[in-house]
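There are 2 protein chains.
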Amino acid sequence: MLKAPDHQVAGHKALGGKLGPLVDDSGRFYKPLQGDERGTKEVAFYTSFSSNIKVPDHISRFFPEFYGTQLVEASDGSGMQPHLVLQDLTFNRVNPSVMDIKIGSRTWAPEAPADYKQKCMKKDRESSSLPLGFRLSGLQIFESGETGFWKPDKKWVQSLPADEVRLLLKKFVSSNTSKAMDSKPDCAFASIVYGGSTGILSQLLELKAWFEDQTIYHFYSCSVLLMFEKELASNGKSPRSEIKLIDFAHVYEGRGVIDHNFLGGLCSLIKFISEILTSPEDFATDGLLEDIQIAVLVSLERVVAL
Amino acid sequence: MLKAPDHQVAGHKALGGKLGPLVDDSGRFYKPLQGDERGTKEVAFYTSFSSNIKVPDHISRFFPEFYGTQLVEASDGSGMQPHLVLQDLTFNRVNPSVMDIKIGSRTWAPEAPADYKQKCMKKDRESSSLPLGFRLSGLQIFESGETGFWKPDKKWVQSLPADEVRLLLKKFVSSNTSKAMDSKPDCAFASIVYGGSTGILSQLLELKAWFEDQTIYHFYSCSVLLMFEKELASNGKSPRSEIKLIDFAHVYEGRGVIDHNFLGGLCSLIKFISEILTSPEDFATDGLLEDIQIAVLVSLERVVAL
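Quick note, the sequences are listed as chains A and B, same order.
Residue numbering for the first sequence follows the UniProt record's numbering, starting at 1 and increasing by one per position.
Residue numbering for the second sequence follows the UniProt record's numbering, starting at 1 and increasing by one per position.
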């Protein structure tokens, strides 16, 4: 029996008669193929990637397992429809905290259709994609058995400025997340979730090294999922920190050039997370350059007037 | 006595009564302040950067020395005008080969004026900036004492596709550059110019490490100059390979975020140069992903029709 996934934090949802992904009880995730080119592009990517011998194992582990396509009763009642069959990434996880981060300051390929580019550019400009090189697409943070998850509004999350994004990345690994954004996050689980040889930072750095070299694929509008289990961390156990890449409907041929757009955004995210590990307290940024520019202007006007 | 520089490969030139930079015979370079905001922005950057104690010496050596501003007789006959006084980067060099590479897939800051952004976007799209993350702005390659330099047309250079950019980066370090693009470049000087502990790749990697960390400045429309002397290389001497960053009229505050746009483009250039060192022969890129997509489409249509 298929049902809507419990821990989906972004994307279309299979609720209220709408079309969305489904999961079964054996760890498989059924993603309806989007009707336009996107569906076939995503199948093409998984088909190419899963058989690509140039991708090393320590990198392919960051991608969901791919089990082909299958006709499945769609969640919107439209009957049997083709679905991608993938690994259910939160299967077997208990109360996972999950963050979906769309990587890249640009979510569109140069060769994409003009109207699609226009739509994306607007979203990139209105979200943190353009300034930060990534944007939060959605998240859920486990608070406690009583209060469950904190799952802020997606629209709000996507348009946050740098300082608020930094705060959410701290909140994600803090023990005092109840009452959401009110308290100063204690970053209690930062070192065990983000740090260490199996932590999220270490995984992101492995991914980065691959992106510095690979020229096979360019990933537009693709997300990295960050996942861990807070209750395990609270009990002094490994929190099963894990990153996975998802959403490949806009993957293009690399044609011998690295994916500088994805890589730049990934490096920016890495810097945010590194800073939480090395200096968890907030730091102020100054407006020095603009102050100097004003002083220069005044002094130049004086010189020219002499 | 000031005169137009001999080895300028990009930007406005002080020839034919036009406004452009000048050099003296003591190693100084006089750059007229652009009348609009750009002039004061560039002075503000040099003032801030040259006094910034957070910038380590092994990084500040990649920037021209800054000697303040000075009123100088402008090259266009408009009288005494304020100029930036900088280090003349090709002073004391004999027949330098020079390449000016504008870094970043985007040459505009998110906070730049709308009309300026529109102009830049068009140029980024029509040049290799958008696909490659950088574009060649101009170059001169020394051929021989008889034929002098090969200095291709700037307009042509700026719009080259990836394969031609790769070819020019090979040509730059080849001994058989006469007759320009006709012969297959032999990459005779690749290992001595690009490679080694003091070569260009090594310097670019040092710069990259700084960009992975620094959140002080964002450099838009800034260029990296690659320079060396072919005659020294031919005689088995060190070719004085050097990189320098130039053009800071569009530097903005980093505000705690890395310059992911510059970093991505720099990594792309690094990959091009690394490949010339490791596999100088051309390699073919395949259109595998698109072929698979067509196959997927056909098979899905068949499945749904059943």
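Source of the hints: derived by calculation from the structure; they are not laboratory data.
Check each hint, because a few of them may be wrong.
Copies of the same chain are indistinguishable here, so a pair counts whether it falls within one copy or spans any two.
In silico PhoX-like cross-links for lysine-lysine, where the CA-CA straight-line distance does not exceed 20 Å [what the hints assert, rightly or not]:
#1 Lys271 / Lys208
#2 Lys3 / Lys155
#3 Lys54 / Lys271
Status of each hint after checking the structure:
For a Cα distance limit of 20 Å, the shortest separation of Lys271 from Lys208 qualifies both inside one copy, at 12 Å, and across copies, at 14 Å. In this assembly of identical chains, Lys3 and Lys155 lie within 20 Å of each other by CA distance neither inside one copy nor across copies; the values are 25 Å within and 58 Å between. Within a single copy, Lys54 and Lys271 get their C-alpha atoms only as close as 28 Å, which misses the 20 Å cut-off; across copies the closest is 17 Å, which meets it.
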